[in-house]
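J.: Chains A and B supply the protein sequences, listed in that same order.
In the working numbering, each number is its position in the first sequence, counted from 1, plus 464.
In the working numbering, each number is its position in the second sequence, counted from 1, plus 3.
It is possible that part of the hints are untrue.
A few chain B residues that face chain A, going by a derived Cβ cut-off under 10 Å, partial list only [said to hold, decoys possible]: (1) Arg-10; (2) Arg-14; (3) Ile-21; (4) Gly-22; (5) Lys-42; (6) Asp-103; (7) Ala-107; (8) Leu-109; (9) Leu-114; (10) Arg-115; (11) Glu-149; (12) Ile-152; (13) Arg-184; (14) Thr-187; (15) Leu-189.
Which chain B residues stay away from chain A? Per the calculated CB distances, all over 12 Å, these [what the hints assert, rightly or not]: (16) Leu-37; (17) Gln-100; (18) Thr-105; (19) Leu-106; (20) Thr-110; (21) Ala-193; (22) Pro-214; (23) Leu-218; (24) Asp-228.
Derived from the structure by calculation, the hints contain no laboratory data.
Glycine residues also receive a C-beta, built at the ideal position from the N, C-alpha and C atoms.
The primary structure of each chain is shown beneath.
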Amino acid sequence: MTSAIETFGLTKRYGTTTAVADLSLRVEPGEVFGFLGPNGAGKSTTIRMLLALQRPTRGRARLLGFDAAADSAEVHRRTGYLPGDLELFPRLTGSQHIAWFARARGGVDASLVEQLIERFQVVADRPVRELSKGNRQKIGLVLAFMHRPELLVLDEPTSGLDPLMQHEFENALREVASQGRTVFLSSHELDEVQRIANRIGIIKQGRLVAEDTVDGLRRAAPQKMEVRFRRPVDPATLSTVTGVTVTGSDGPRMTLEVTGEIAPALRVIASHDPVDLLSRPANLDELFLSFYRESPDSEVSHAG
Amino acid sequence: MLADITRLELRLRRRSTIGYAAGMALYTLVVVALYPSFKNTTSLDSLSGSTAAALFGVTGPLTSPGGWLNGNIYGNFFPLIMLLLTIGYGAATLAGQDEDGTLALLTVLPLRRRAILVQKAGAMALQALVLAAAVTVCVLAGRGFELTISPGAAIGISVALVLMGLDFGLVTMAAGVGTGRRGTALGIGAGLAAASYLLSSLASTISWIHPGRYLSLFYWSVGNDQISSGVSAADFTVLILAGLVALTAAVIAFRRADLN
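Just chain A, same shape as in the assembly (with noise of 0.2 Å):
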């Protein structure tokens, strides 16, 4: 089966910046893939170059069997896009957004657009300057998709959506992915892209860093536990411990993180004389932060 979207070694370059590494990833058909990483990891600079408003540098994208760029066109009319910061014309309304895009798309499924613009509770009859960026946002949704696409490229589509409308998009999403369409969605929020993705790939720095399903990321994910001794404790006795890291110790009380078997860690704990031992089940969050953490750059805005 064709792959909907497939990377071979994406890379893009402006001067001496790289904003994308060597980026190669494959989508299946009725995927929802979230593409997680925090801002100005790349996310968009990648999104960009599958719909060809961006040339790579180096590699290439193949998207529903159609080369990203040399087909972009064919690739264009299976595909919906919502672009990172949408702006729409702002004297038009929303219907004149809506009327004219389905009109360059060759004509698009009326019932379909009616549906949209009540299930997104679009604000259509004014112009698109006096509306809030919710509002707006809303219309770029029905744009990416009324022409009933076999994928969906939305890059943070959620931004600005009040928690309702998240659900009702998520809602859309879900049926999408149903009938055996593609969802390739970016987040910076690990939260929302855990409801809704059946994989995730991590991007910092303009490289992938983890591609896993939900399950296989949590699986991974770093154990918290909290252990209180009898006395106190040098933290060295347990950070020489394989998979363990300890995040904190004052005296008698040290709180770890444990990845993969706990085996290890917990022989070397009851040596020491525990009195209470609390441990978290694995969090995804815990994961994701330590990829943001592991960023020199961040630790720098961190210190400040």
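Guided by the hints, dock chain B onto chain A, whose structure is given.
T.: Okay, now just chain B, sitting in the frame of chain A:
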């Protein structure tokens, strides 16, 4: 039936198109209506021939119908407004929309970039034609004010000015997608147009500039006394070829451009 992007662009520019045409029509009517009051003031004719007059596009005797129109409309004000329109549009439609963030939505339609650009150029041509039609109609109304000029020459010059406007507009579009900046594109388009104007208007009085006039698109549209001799096939050929070169450059630049 208009192509979709042409239609959208005209809709977005509706007010300015009407504004340019209405303003220029009003100005033209005033100039035309004033002609009977000036046509016997032959002292005005001594103005032409000076460098200062040449700077304002005045070439022939001002009191002849052709000289009056050239000195007040075709030699200066009409090309200026035409260039404001086309250079302004050329900078706004690609570089400007890219800066605003709206170009991405158009670029992800199932259209090749060349088609997008050609449709935008079509919108520019239609805006320029509306302006030129307004001026031409008002100039021909001058027959009621003793301002007799051959309709062929009036229409010919208007068409030539539309073509010249498109030439500079397309150069501006190319500069816009090449640099990605509206301001830079405006500067390049306006700078080239200003240089072209000076070259053509001063060539008639400053001898060392004289051979350079062939490089000026003004020379090929209004600077070679087209008001009395008509716009020649050679004039049209140069204006059209320049447009095709600029269009090709714009298409090549747009196909390579990284957009936001």
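J.: Take a quick look at Leu-218 (chain B) and tell me if its Cβ sits farther than 12 Å from every Cβ on chain A, holds or violated.
T.: Holds: least Cβ distance 34 Å, greater than 12 Å.
J.: Given Arg-115 (chain B) as an interface hint, is its Cβ closer than 10 Å to any Cβ of chain A?
T.: With a closest approach of 5 Å, the Arg-115 (chain B) hint holds.
J.: Hey, does the Glu-149 (chain B) contact hint survive, CB to chain A under 10 Å?
T.: 44 Å, violated
J.: Have a go at the Ile-152 (chain B) hint: is there a Cβ in chain A nearer than 10 Å to its own Cβ?
T.: 39 Å, violated
J.: Regarding the hint that Leu-114 (chain B) lies at the interface with chain A, is the smallest CB-CB distance below 10 Å?
T.: 6 Å, holds
J.: Using the nearest Cβ pair, does Leu-189 (chain B) come within less than 10 Å of chain A?
T.: Violated. Min distance 20 Å.
J.: Was Thr-105 (chain B) rightly flagged as not at the interface, with every chain A Cβ beyond 12 Å?
T.: 5 Å, violated
J.: Once the shortest beta carbon distance from Arg-10 (chain B) to chain A is found, is it less than 10 Å?
T.: For Arg-10 (chain B), the interface hint holds, since the closest Cβ of chain A sits about 8 Å away, which is under 10 Å.
J.: A cut-off of 12 Å on Cβ-Cβ distance, and Ala-193 (chain B) was said to be off the interface with chain A. Does that hold?
T.: 25 Å, holds
J.: Does the claim that Thr-110 (chain B) lies off the interface hold, with its Cβ farther than 12 Å from every Cβ of chain A?
T.: With a cut-off of 12 Å, Thr-110 (chain B) comes too close to chain A, as the shortest Cβ separation is near 6 Å.
J.: Double-check Arg-14 (chain B) for me: the hint is only fine if its C-beta lies closer than 10 Å to a C-beta in chain A.
T.: Result: holds, 8 Å to nearest chain A Cβ.
J.: Have a go at the Asp-103 (chain B) hint: is there a Cβ in chain A nearer than 10 Å to its own Cβ?
T.: The hint holds - Asp-103 (chain B) has a Cβ within 10 Å of chain A, the shortest such distance being about 6 Å.
Violated hints, listed in ascending order, are 3, 4, 5, 11, 12, 13, 14, 15, 17, 18, 19, 20; each of the other numbered hints is respected by the structure.
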